[in-house]
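In case you want the letters, here they are:
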Amino acid sequence: MSEPRVEPPAVWADRQTRSRAGLLVARIGTFCLVELQKLRHDRSELVTRAVQPVLWLVIFGTTFSRVRAIPTGDIPYLDFLAPGVIAQSALFVAIFYGIQIIWERDAGVLTKLLVTPTPRAALVAGKAFAAGVRSVAQAVIVIVVAAVMGVALTWNPLRLLGVLVVVMLGAAFFSCLSLSIAGVALRRDRLMGIGQAITMPLFFASNALYPIEMMPGWLKVISHVNPLTYEVSALRGLLLGTPTNYWVDAGVLVGSAVAGIVCAAALIGRLAR
Amino acid sequence: MTSAVDIRGLSYSFGSHRAVDDLALAIEPGECFGLLGPNGAGKTTTIRLLNTLLPLQAGDVAIFGRSVRTHAMLVRRLIGYVPQQLSIEGDLTGRENVEWFARLFDVPRRERNARVDEVLDMVNLRGDQSRLASTYSGGMVRRLELAQALVNRPALLVLDEPTVGLDPVARDSVWRRVAQMQRDHDMTVLLTTHYLEEADALCDRVALMHKGALRALGAPDDLKAAAGVHATLEDVFRHHTGETLDEADAEKGGLRGVRATRRTARRLG
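One line per chain: the protein sequences are A and B, in this order. Under the working numbering, the residues of the first sequence are numbered 28 to 300, in order. Under the working numbering, the residues of the second sequence are numbered 119 to 387, in order.
Just so you know, these hints were derived from the structure itself, not from any lab. Just so it is clear, the structure is predicted and the values come from calculations on it, not from any experiment. Please note: incorrect hints may appear among the correct ones.
To be verified - To spell it out: a stretch of chain B is covered by chain A in this simulated footprint if at least three of its residues, at any positions, have a beta carbon under 8 Å from a beta carbon of chain A; those stretches are:
# : stretch
1 : 193-200
2 : 205-218
3 : 221-233
4 : 239-249
Said to hold, decoys possible - Taking CB as the label site, the calculated pair distances span:
# : chain 1 : residue 1 : chain 2 : residue 2 : range
5 : B       : ASP322    : A       : VAL289    : 43 to 51 Å
6 : B       : GLU236    : A       : LEU63     : 51 to 59 Å
7 : A       : LEU63     : B       : VAL287    : 30 to 38 Å
Ideal Cβ placement from N, Cα and C applies to all residues, glycine included.
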């Protein structure tokens with residue numbers, strides 16, 4: 028290509044470029060907005076997805092509160108369980124988010140997104156935090172149900188804001204895990220199978236249902252490398268005031284989200300070929 | 119003058135299958151250029167290489183002097199792309215679909231609303247902008263996609279089989295708008311189509327591709343004149359490849375793209 032480059036015509040004048048960080052923030056904002064618009068047009072999914080976490084609280088929570096089989100110290104079991112169910116509902120939303128990207132690939136939407144001036148990492152981060160928006164909407168429903176059931180949650184606005192941030196970060200990681208699997212599996216049915224295979228192990232190998240202290244040694248090891256454990260710890264600390272190391276929780280959640288974005292960004296191009 | 123699109127020595131293989139074979143051609147600014155050929159000719163692969171969807175293996179492509187190899191992000195800002203499939207977000211309204219792409223192309227906030235209004239007017243969808251896109255007909259979806267592609271005021275509009283799966287009225291509507299926009303905005307248009315009569319009517323020049331290679335290049339009238347008295351572009355294709363477009367399509371498994379587009383149309387409702 029030896030010819031001299033032409034100056035851009037006047038009509039290109041508004042093709043301003045943003046800094047990388049500015050582009051990332053703008054794209055995350057755009058994808059979150061689109062997710063909110065979709066939710067506004069169809070709220071039925073919020074209701075149907077809320078059924079399972081509500082059942083966990085109402086049936087599992089109230090039953091095990093009476094059995095008193097799980098030692099939770101001074102905290103009633105229902106209170107102990109509520110943050111775990113919030114994390115679980117966010118996990119379930121996020122872990123199947125890759126199906127949406129495969130659907131977008133099949134529908135040709137992904138192809139169009141990939142030819143916009145959006146770096147792959149920004150596209151994945153946008154999608155990841157859009158999953159977070161959906162998870163936050165889910166979490167709000169669970170928090171309201173838990174409050175109605177008498178769970179002694181905090182109503183401190185800063186702590187509640189912290190809860191939303193934690194849910195967003197957790198959802199960002201698990202949706203990136205799902206997007207990465209989508210980039211490898213390439214088909215919806217395969218992703219569904221893998222998603223179903225890993226969801227419950229992730230849930231059970233965390234402190235969502237029971238304290239880590241009562242787990243066998245091998246399960247303790249797995250729960251310590253499971254980001255869901257740190258998400259639940261942070262949620263429990265923020266909502267109930269139980270002791271936790273917020274720096275470790277935040278570090279693990281931010282680190283996993285960044286690693287997830289990098290991994291998914293490397294794999295998402297496979298869907299377009 | 120620098121070409122709008124400059125393709126040199128372009129080759130691309132999927133495994134052992136050579137989809138594009140040493141392709142070289144230049145498209146001039148303001149030109150309406152048609153890439154013609156049967157399924158499997160390499161048209162879509164060529165377009166996916168020039169819009170940065172596929173990484174270059176051999177050769178180079180420059181859009182207004184910018185190599186897609188080294189200036190991918192800038193090239194994307196210059197291109198408006200309408201893919202073969204009907205591909206809009208059915209859970210958003212028509213207007214939201216266009217606003218989404220305005221944001222993705224960084225159309226300045228102060229101009230965004232006016233720009234979205236302008237392109238919706240251009241494709242005659244302003245009256246239906248508040249309806250969910252899932253309720254649109256196939257022709258309306260295509261026009262909405264044109265609006266998405268134009269909201270960035272692209273220097274190069276790339277249309278990959280934009281009328282596959284549409285009825286004749288919708289096809290006519292799409293082409294009329296493309297022709298009008300090209301006239302009004304002095305855009306370069308690169309399109310692929312199965313409908314040779316449409317290419318004949320719309321394009322300043324066409325390139326015939328077959329089995330990944332360029333077989334003929336020129337103005338439709340010149341190509342037809344060279345093929346014989348009263349020749350059509352179909353005759354030109356047969357003259358250069360030894361088979362008809364339908365025969366070549368059948369060889370490659372028929373109208374896969376048409377079926378895929380119809381499936382998408384059904385999904386969108």
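Each hint, compared with the structure:
no.: 1; hint: 193-200; result: holds (count 5)
no.: 2; hint: 205-218; result: holds (count 8)
no.: 3; hint: 221-233; result: holds (count 7)
no.: 4; hint: 239-249; result: violated (count 0)
no.: 5; hint: B:ASP322 x A:VAL289: 43 to 51 Å; result: holds, 45 Å
no.: 6; hint: B:GLU236 x A:LEU63: 51 to 59 Å; result: violated, 25 Å
no.: 7; hint: A:LEU63 x B:VAL287: 30 to 38 Å; result: holds, 36 Å
Hint compliance for this structure: hints 4, 6 are broken, all remaining hints hold.
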